[in-house]
Amino acid sequence: MQPDELSRRLAPLLGERLIGVEPYPDTAGRVRFRREGALDLFRALRDDLGFGQFSTVAGIDWVDHREVVYVLWSDAAKQYVLLSADLPADSPRIESASGIWPSANWHERETWEFLDITFDHHPDLRHLLMPDGYAFHPLLRSFKLHEPEELEVKSRHV
Amino acid sequence: MSEMWINMGPQHPMTHGLWNLRVKIDGEMILDVDPEMGYLHRGIEKISEDRHYNEVITLMDRCCYVAGFSWEHLYILAAEEALRIAPPERAEYLRVLCDEFQRIGSHLMWYAAFVQDLGLMSPFLYGMRDRDLVLDLFQSYTGARMTYEYMRVGGVRSDLPPGFTDRARQVIDWLEARFNEYDQLTLGSDIFRKRCDNLGLLRARDCIAHGVTGPMLRSAGVKRDLRKDRPYSAYDRVEFDVAVADGADVTARYLVRLEEMRQSLRILRQVLDWLDRHPGPVIAEQLPRWLGAPYAPIGREGYLLKRNFPKGTGFSAIEEPHGEALAYVVNEGGEHPYRVKFKSPVFSNISAARQYLVGYHVADIPPIMGSVDVCVGEVDR
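Going line by line, the protein sequences match chains B and D. Quick note on numbering that gives the first Met the number 0: the first sequence kicks off at 0 and runs consecutively. Quick note on numbering that gives the first Met the number 0: the second sequence kicks off at 0 and runs consecutively.
One chain only, chain D, in its complex shape:
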């Protein structure tokens, strides 16, 4: 008879963002949970209806602040389909380059936050240190470390600076060696295994019924990766394996994410080789003037020439670092999208919280939610 509801959040070390996990407990046991979202809602879908197609990209970086490139890519694919514009091949490879470095950056951020939840302080510092190398690369060709505004409808803003591919290869070599050290620090530790094995179980059937995707689904043994199953951009032209594990627990999610980072390095090596051999334009020629020349600032004067495009809709799906992200863009012929809808993978992953939290102890919440990899920006939008 000591049941009660407690709030973990909106300010709580476990949340990694601004949201509230209401937990019904009896002593230390979790009886029920009710996630409360919306603290970070900025109305991105509504604001997008009032922005030109390229101006929405600015908002996309803020959707998920640790995976800005993935969200730019998602929106751009849908917008290009709605406007019937095709990017040049080099731009597609550059987008894959962005996406995969972003996946590593996002997973390193997850790694750092997750191990810190477990009380491991040194791996946290190593994770943040290595993520900085990736951010340095981003800064060298976009000028920004988190909010890039790099992709454009019809291509990308600019080409890589001289010497970039060699610097990127050095970072890749460095990271590859570090990932093995990560494993020694965590998987080699008895305490880590005791805290994470058989925790937060979510089997494949429940994952699919509750819409859980990404590393959480692959850790339950389902080999689904949109990069393979429904290839976009240049993913059908690179070789990589889909990381899967079958434990369906916190440790399995760790294994999947680490393996994904290694596969990303494999993709990046191929992409860098291709980019070295194939110079070319990075943005489609003959774009309407209001979509902006590649180097022109996105200013109002660029949009004065209003051009009506044929109406249409665009639907895109990409494998974001957290899972399956979808965009649906409705083009009604104006210079603004009529409606933009985004589906975030974390939104579905959190909505299933009852499935993987109930029955465990309160002290298990930080490792379990850590293994979910929450990014509130893309849930609330």
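Chain B with its partners taken away, still in its complex shape:
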């Protein structure tokens, strides 16, 4: 699958919410979209374009805004596709993909925990790698490695 084919098939569905599809080496392309189109885009990719596996989601803190990068895999095309959306720093939230691909569940939990990106309608958005009640989001640029943080760790099951 080529970027122009992806763009041709996604544009009628998403309209304004699709910013563009740019080529990316060894993948089907990098789809840039507005977060309002997330669910429609996910459904189209899974049902019409054959991207049956959600591989991961990565968050990036650009200080003035945040970015989420999704990676999906298609067994038919034997290709990855990257999806990327910018989220404003004052309300970093996007629709959860875990209703469409169950595998998104843990990846979204991790991204929320480390980058404070909220996934709306996620079934189980709680801490995964950090203890419950951990108040920081360590992968934000504002979290400095060399400054000690005060931390009170609560037991998970009392």
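The set of hints was computed from the structure by calculation and includes no laboratory data. Some clues are possibly wrong.
What the hints assert, rightly or not - Subject to a maximum C-alpha distance of 20 Å in a straight line, what follows is the list of computed EDC-like cross-link-like pairs (lysine to aspartate or glutamate): (1) D/K23 <-> D/E2; (2) D/K45 <-> B/E146; (3) B/K143 <-> D/E54; (4) B/K143 <-> D/D49; (5) D/K23 <-> B/D123; (6) D/K310 <-> B/D63; (7) D/K227 <-> D/E258; (8) D/K227 <-> B/D74; (9) B/K143 <-> D/E48; (10) D/K45 <-> B/D115; (11) B/K77 <-> D/E238; (12) D/K227 <-> B/D25; (13) B/K77 <-> D/D240.
As the list claims (entries may be wrong) - One side of the interface only, derived from the structure: several residues of chain B facing chain D at Cβ under 7 Å: (14) G51; (15) Q52; (16) V70; (17) K77; (18) P137.
Stated by the list, open to error - Computed spacing ranges between beta-carbons, pair by pair: (19) D/R168 <-> B/H120: 54 to 62 Å; (20) B/P24 <-> D/D165: 32 to 40 Å; (21) D/R353 <-> B/A10: 43 to 51 Å; (22) B/E21 <-> D/K227: 37 to 45 Å; (23) B/G49 <-> D/I190: 38 to 46 Å; (24) D/H360 <-> B/H120: 33 to 41 Å; (25) B/A10 <-> D/G220: 32 to 40 Å; (26) D/M120 <-> B/E4: 50 to 58 Å; (27) B/R140 <-> D/R41: 39 to 47 Å.
Computed from a predicted structure; not experimentally measured. In this text, a Cβ means the ideal position worked out from N, Cα and C, and glycines have one as well.
Got chain B sorted already, so can you dock chain D onto it with the hints?
Chain D alone, transformed into the frame defined by chain B:
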């Protein structure tokens, strides 16, 4: 009305690492499970933002401590794409050599731990004995048995020592004969078959929906292997078959891993022949000074010359011994990566635990989790 939650872990023989499997049981039946991770979280992604590109390699060895080479390879591929550096061909073959010996080392570790979970003590010792031969080979050209720090952005640190390929061929011949003995010890045993057949079923559809990859996916009959489907390094220049089985149970995962080790030996023979015939440089010439000369220690003084690279991102995917591993590296022109993201296959495989554990008995948990091949280091990072 006797439902309750019990903890298997964080210290439990079943876990093979530091994590906690919370299990909801009614008598002996498993009603629900909730894996708890994070006991081994070291913040590798965060620390990487504060390290030079080559210093991250040290952390990669600690990501999965039984498959260090695979993780080095994964990171290096993404970093090279982000920095637009190409390695020489010999380095690509050397990386495949590392990867495939590592796959055997990792699968032998899995074999030893898995059969021990089933109560078979002698195969455990055989598995560990044979893994040691692979570690000896690693030691002979990297100096380390587990944390190698061998690959570099732009190539690998050093070439093989004299006589290595002959020693490696001896190990390959030895291992090939041993794998048949493994099968006799396990598949030939009625007790093994009774404990493992039709256990921990996870069909192809559920595997894909829950992101389960690697030997678990191939044991459900899906012929997906990134070495074939999306070849990296020298994998498009070697011949091998993708191991598949269709049982989707614990026995099928055993069959797939054993066959994978045999295929790895096949790849290694071709790689060793190629390496014998094609001497050459093992690291790209004209690297910026801060990326380090091949033999120079990675010292601070090497980095003083700050050079701005064009910005870019790197995305890589490799078939790690446990499945599909991904890396995403963002290069913002500085000497440190701006952001590094790793996706571990075991992370997804464990997240689907509810799918392959619920409905079985408590005593089935060790063989099922054994067949998943858990490595907590790469889940928690």
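Original post:
Among the hints numbered above, which are violated by the structure, and what are their numbers in rising order?
Top reply: 21, 22, 27
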